[in-house]
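**Q** Residue numbers (the working numbering), protein chains in the order written: chain P, 1 to 533; chain D, 1001 to 1291.
Simulated from the structure, these hints should not be mistaken for lab results.
One should not assume that every hint holds.
Said to hold, decoys possible - 27 Å max Cα-Cα, derived DSSO-like pairs, lysine-lysine: (1) 364/P / 388/P; (2) 1228/D / 500/P; (3) 336/P / 1187/D; (4) 36/P / 1278/D; (5) 122/P / 500/P; (6) 122/P / 86/P; (7) 1228/D / 388/P; (8) 1187/D / 86/P.
Note that this is a predicted model, so its numbers are computed, not measured.
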Amino acid sequence: MSDPQAVTTAAPPPTLGGGTVTPHARRRPSPGFFVKLALVATVDALGVYGVLAAAAVASWGIVTFLVLALVVVNWAYFSPRALPAKYLVPGLVLLLVYQIFTMAYTGWVAFTNYGDGHNSTKQDAIASIAEQNETRVEGSPTLPLSVVERDGELGFAVVQEGVVEVGTAQQPLAPAPDANVEAGRVTAVPGWDVLQFVDVAGRQDEVTVLRVPFSDDPADGSVRTQDGSTGYVFRPTLEYDEATDTFVDTVDGTTYAPSDGGNFVSADGTVLTPGWRVGVGLDNFTRAFTDSRLSGPFVQITAWTFAFAFLSVATTFALGLFLAIVFNDGRVRGRKVYRSLLILPYAFPGFLSALVWRGMLNEKFGFVNEVLLGGAQVPWLQDPWLAKVSIVLVNLWLGFPYMFLVCTGALQSIPADTVEAARIDGAGPARILRSVTLPLLMVSVAPLLISSFAFNFNNFSLIYMLTGGGPNFVGTPVVVGHTDILISMVYSVAFESGTKQYGLASALSILIFVVVGVVSWLGFRRTRTLEEI
Amino acid sequence: MSRTASAPVLRGRRWWAEVGWRHVVGVVMIAVCVLPLVYVVSASLNPGGTLTGSNDLFRTVDLRNYADLWGRGYGGWFVGSLVVCTATSVGTVLMGSAAAYAFSRFRFAGRRGGLTFLLLVQMFPQMLAFVAVFLLLLSIGDVFPALGLNSRLGLVAVYLGGALGVNAFLMYGFFNTVPRELDEAAKIDGATHGQIFWTIILRLVAPILAVVGLLSFIGSFGEFIIAKVVLQRPQEYTLALGLYYWAADERTARWGLFAAGAVLAAIPVVLLFLFLQKYIVSGLTAGSVKG
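Using the sequences and the hints given, assemble the complete structure.
**A** Structural data, given as structure tokens:
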């Protein structure tokens, strides 16, 4: 940030015998100070803007956070006593928002029914139920209508019994004198721009959802339009009664009362949508085990996740170690060349490898079937078992170079005389590997095997890009397949299964986290005992 | 190693039994490693190629696919990826080194607690919280649209939030190996903590900065799930997202185009990797895995 030369000229070191050494704060401020001032001022400006913007949309959580963050930032950079904080604040703020908060938020969402149909608060749900359940008032006239605009706000101008009336979503229809009407349609209103057909077509989404109240009394309904040129009066069929907290159907008189599940439900079980977010306790956690359509696939996917992660580590480690031992012999020429070529799969970006293999393993046109197997039609990615085999093999291709590198490094750190001593004692190569090399190797490699297990446990991109989780199970309430692992199942539940179920997805995330945490903890405890050998 | 010089030269069966077979293993493995890569390069040179047409290796050699890439959004993805990854790796290095400097050089209340906290945090993969990340960005977008969904800046911020826990520890260990006497001497000469950090410490820890920066670059280059959750419009895709959509639909005839895109995307990363493999390997063995 600060140029060293500039700093020394601006703040010369205290001269010898110069008497008083002025404290840093009272020296002429260095250029670095102005850089700091400018940066903090920018942060403050953005922060204040954020506070105002968040207050405008009533996000009080964000307002609180921003105010606290601004106080901390200004304290950290202007208090002489907050020295470590100057270096920690930027990283910690980001960590707090994007990791700590998201973790906590995952925990909270897991205990709610957040998802499609339960996206928001009860007030929002009441408003949108009232809005969606309305019918055209029988016998109401067809109103010639024009769409008008003022300062970006849209409104309707209608002709009713010869009088032009203008209104917006906030402002009920009111007579507009001096408006110009041609052939029954409004062509000019003072103070408003009348939109032409092209403009209406461009803003169709806004126009079709616009509802202009017919009068001050909400029971009179509101004017809506589908085509931007004719309007009809609509009246809500469901009315919310605040005193009893129920919806009443104005046609047949059914009452809908709020349920524990976050919906308005009638006595005969009819559910009004949307609902709102409510806490559902442990429902999301137990659903995975008790919902019969879900528990079968869930158990299979969990078993496969463990098998996949274990096989990935075991196969890559075995091949990597084998190659490391093969090329650990000083008599093999060209070891550098071998090494550089063998790590190519590791250097090639992993997501690209998965996609390339997906193409090569294609049943009809893939390179493997067409060329290597002479035109066979092996359903590599379509058969549940073959797809699993393909995934393990592709992951072996991707992952063995890493283990090869790691094992090569670890082998070189094993003292040669230990191996020599074993050989003199009469141990064969197999015995040396089992009793000397492997135990010593494990000390340095075991932690990497554990993190490799944890990584593969969540190896989303490989699964998603190679098979997409398919072939899919039939009849499950979420779209999951035989090769899905837990993390890709979470993704599918959250985003790809028709209705989005954030609550269930978060609960599954937490289960995964617990598994990974326990495995890491057990593994690291075990490696500590290894080190004591 | 020293045995080569003194050992008698092996011949015939003995050579095969002790050394020769190792070359056989090596050649077979290299074929396995290189074949898919050769296949991509070959497919990329086959204009208008579909999956079927790509099976005769190097039947045609034509650079038309590479020229065609630019009209289809590839340039935007490429630049977008470079911007996101560069910003992420620079940010990670600056943030991580500042935090490591504070933990390594200052003694303050909560230092031990802070270190333990970081150690714990790095065990939680941020990726698992992608649903919460999506919901968080949804509400941030109402206040700061530039940090919400469909924003590259927002994606960089998410990556940076997840980077501190993992990298600060790696750097902290390295910072501790730099002798404290050096910055104490500078302090006596009148240097401020800022000058010590920017002009002394950062120069001395340059190797670890390079490793962390590079790993972070490669990591975010291949990151898929968070990018897919955050960026939903094709204009802002990263290469990982864009190429996924080209390759995922096997029926459309974009295989040659995909292959060309993949080769272009991989070349810089592979070259970087091969040149710097020594450093990367040391960084990897310090506790990171392929991402």
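**Q** What hint numbers does the structure not satisfy?
**A** 3, 4 and 6
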